[in-house]
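Knowing the structure of chain R, use the given hints to seat chain U on it.
Protein chains in written order, with my numbering: chain R, 10 to 236; chain U, 10 to 236.
Hints were generated in silico from the structure; no laboratory data involved. Among these hints, one or two may not hold up.
Some chain R residues near chain U, calculated using beta-carbon distances under 7 angstroms [as the list claims (entries may be wrong)]:
#: 1; residue: Glu31
#: 2; residue: Thr34
#: 3; residue: Arg42
#: 4; residue: Ala76
#: 5; residue: Gly106
#: 6; residue: Leu117
#: 7; residue: Asp123
#: 8; residue: Ala192
#: 9; residue: Ala196
#: 10; residue: Pro202
#: 11; residue: Leu213
#: 12; residue: Leu216
#: 13; residue: Ser221
#: 14; residue: Leu222
#: 15; residue: Glu223
#: 16; residue: Ser226
Not the full set, but computed from the structure, chain U residues with beta-carbon under 8 angstroms of chain R [what the hints assert, rightly or not]:
#: 17; residue: Phe78
#: 18; residue: Asp123
#: 19; residue: Asp130
#: 20; residue: Lys206
#: 21; residue: Lys214
Note that the coordinates shown come from a computational prediction; the quantities given were computed from them, not determined experimentally. Where is the CB? At the ideal position from N, CA and C, for every residue including glycine.
Protein chains: 2
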Amino acid sequence: MTRENKLPPEERPRAIVEPVSELTTNRLSVYLRCLNALETSGVRTISSQALAEQFHLNAAQIRKDLAYFGEFGVRGIGYYVTELRRHLRQILGLDRGVRVAIMGAGNLGLALADYGGFRDDGFEIVALFDTTKDKIGRRSRGGVVIYDIREFRKIVKREAVQVAVIAVPAASAQHVVNIVVGAGVKAILNFSPGALKVPRGVKLKSLDLTVSLESLSFFLAQGESGE
Amino acid sequence: MTRENKLPPEERPRAIVEPVSELTTNRLSVYLRCLNALETSGVRTISSQALAEQFHLNAAQIRKDLAYFGEFGVRGIGYYVTELRRHLRQILGLDRGVRVAIMGAGNLGLALADYGGFRDDGFEIVALFDTTKDKIGRRSRGGVVIYDIREFRKIVKREAVQVAVIAVPAASAQHVVNIVVGAGVKAILNFSPGALKVPRGVKLKSLDLTVSLESLSFFLAQGESGE
Chain R
10 MTRENKLPPE
20 ERPRAIVEPV
30 SELTTNRLSV
40 YLRCLNALET
50 SGVRTISSQA
60 LAEQFHLNAA
70 QIRKDLAYFG
80 EFGVRGIGYY
90 VTELRRHLRQ
100 ILGLDRGVRV
110 AIMGAGNLGL
120 ALADYGGFRD
130 DGFEIVALFD
140 TTKDKIGRRS
150 RGGVVIYDIR
160 EFRKIVKREA
170 VQVAVIAVPA
180 ASAQHVVNIV
190 VGAGVKAILN
200 FSPGALKVPR
210 GVKLKSLDLT
220 VSLESLSFFL
230 AQGESGE
Chain U
10 MTRENKLPPE
20 ERPRAIVEPV
30 SELTTNRLSV
40 YLRCLNALET
50 SGVRTISSQA
60 LAEQFHLNAA
70 QIRKDLAYFG
80 EFGVRGIGYY
90 VTELRRHLRQ
100 ILGLDRGVRV
110 AIMGAGNLGL
120 ALADYGGFRD
130 DGFEIVALFD
140 TTKDKIGRRS
150 RGGVVIYDIR
160 EFRKIVKREA
170 VQVAVIAVPA
180 ASAQHVVNIV
190 VGAGVKAILN
200 FSPGALKVPR
210 GVKLKSLDLT
220 VSLESLSFFL
230 AQGESGE
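Here chain R stands alone, though its shape is the one from the complex (with noise of 0.2 angstroms):
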């Protein structure tokens, strides 16, 4: 507590009032990506001001974002790399692993199952599920059980799944996300392209690739008209 009075007031903790963006809770994410390789090489403590400098970032902003949730940096220290990682690691969820199942075990789903990312990151990719037969019953090539989507509801239980990752075509989307919000789960990371429904108290979060690469197209697009 006598530490915190002796920041300056944008370095104090505000109380929670307002939710926290997902513009906030994305440069956190970034933040934990920086301690983690800062760890890795060994590095003890590092100011905002340096760790604004190594990774292209904005020191005001971090000091902004980190006091926001309590008080992490110390004066003429910085932050102590491996408790900061920590205190981000819980603030994000992560510190007690975050078990995950991906609908639609096609070229996406897949992929994303093998994807060694995530793993190291928290995240357990416990179960796949498609509705083709032959499908059924395989694994990914990371070990990942493909499981009937009709059994959807009991694996979920028995594997505590918290969120789903959507990798299906767009037609049977919706469907998909009616079944999967049907079992309770809250969470939803959607790859599949077009507006999908959920019920209030569910969070869908949606990476739309096509959408993605039309965004880059329109501006060479723009770019060859400007010339």
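Relative to the frame of chain R, chain U by itself:
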């Protein structure tokens, strides 16, 4: 021109004075997806209201977004589906096809190379690049050739590559981006975690899968602490 003056002010085309936001182009992509579906179903005309209702969108926003690029709606009729679809594809630069290279022939790179949704939309994946000897010269299941990254500059010219997708491990991402930019590619879609630097005039769009999952994890963690 006369048509335009019969419309309420918010539906009249504006001069393009400000750069179009990414949110707007993202919405245009969504409208295009809806029009694709309508055309497939044989629908010939649709009002902004019906479009909004059918796809859970905002009718006023649709009219505003489209009016920005010209006069597409007709009073009492709405939009001609085929015509508007063609216009949107033109605005998004999809009408002439966009040629894409994928950097990294791992799980994710191979999944993206064979993802049918891109081709349907006007994107052609013309090459994969990797550094692993065993992979070079082989093809993805869909037939995309994996080239040695040292040949990048040559292949980019030959295949007229416009967009590069970064699907390599984080540790080599900036190095690969430098190669891409050095060969004159102006648009990059990045799947690798962490901040990447590109010079002015190059558009970089990042889709960080881990960051997206972490924002869901954060949502779940907050929900638990709030209960």
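Against the structure, the hints come out as follows:
| no. | hint | verdict |
| --- | --- | --- |
| 1 | Glu31 | holds, 6 angstroms |
| 2 | Thr34 | holds, 5 angstroms |
| 3 | Arg42 | holds, 5 angstroms |
| 4 | Ala76 | violated, 17 angstroms |
| 5 | Gly106 | violated, 10 angstroms |
| 6 | Leu117 | holds, 5 angstroms |
| 7 | Asp123 | holds, 5 angstroms |
| 8 | Ala192 | violated, 15 angstroms |
| 9 | Ala196 | holds, 4 angstroms |
| 10 | Pro202 | holds, 5 angstroms |
| 11 | Leu213 | violated, 9 angstroms |
| 12 | Leu216 | holds, 5 angstroms |
| 13 | Ser221 | holds, 5 angstroms |
| 14 | Leu222 | holds, 6 angstroms |
| 15 | Glu223 | holds, 4 angstroms |
| 16 | Ser226 | holds, 4 angstroms |
| 17 | Phe78 | violated, 11 angstroms |
| 18 | Asp123 | holds, 5 angstroms |
| 19 | Asp130 | holds, 5 angstroms |
| 20 | Lys206 | holds, 6 angstroms |
| 21 | Lys214 | holds, 5 angstroms |
In this structure, the hints that do not hold are numbers 4, 5, 8, 11 and 17, in rising order.
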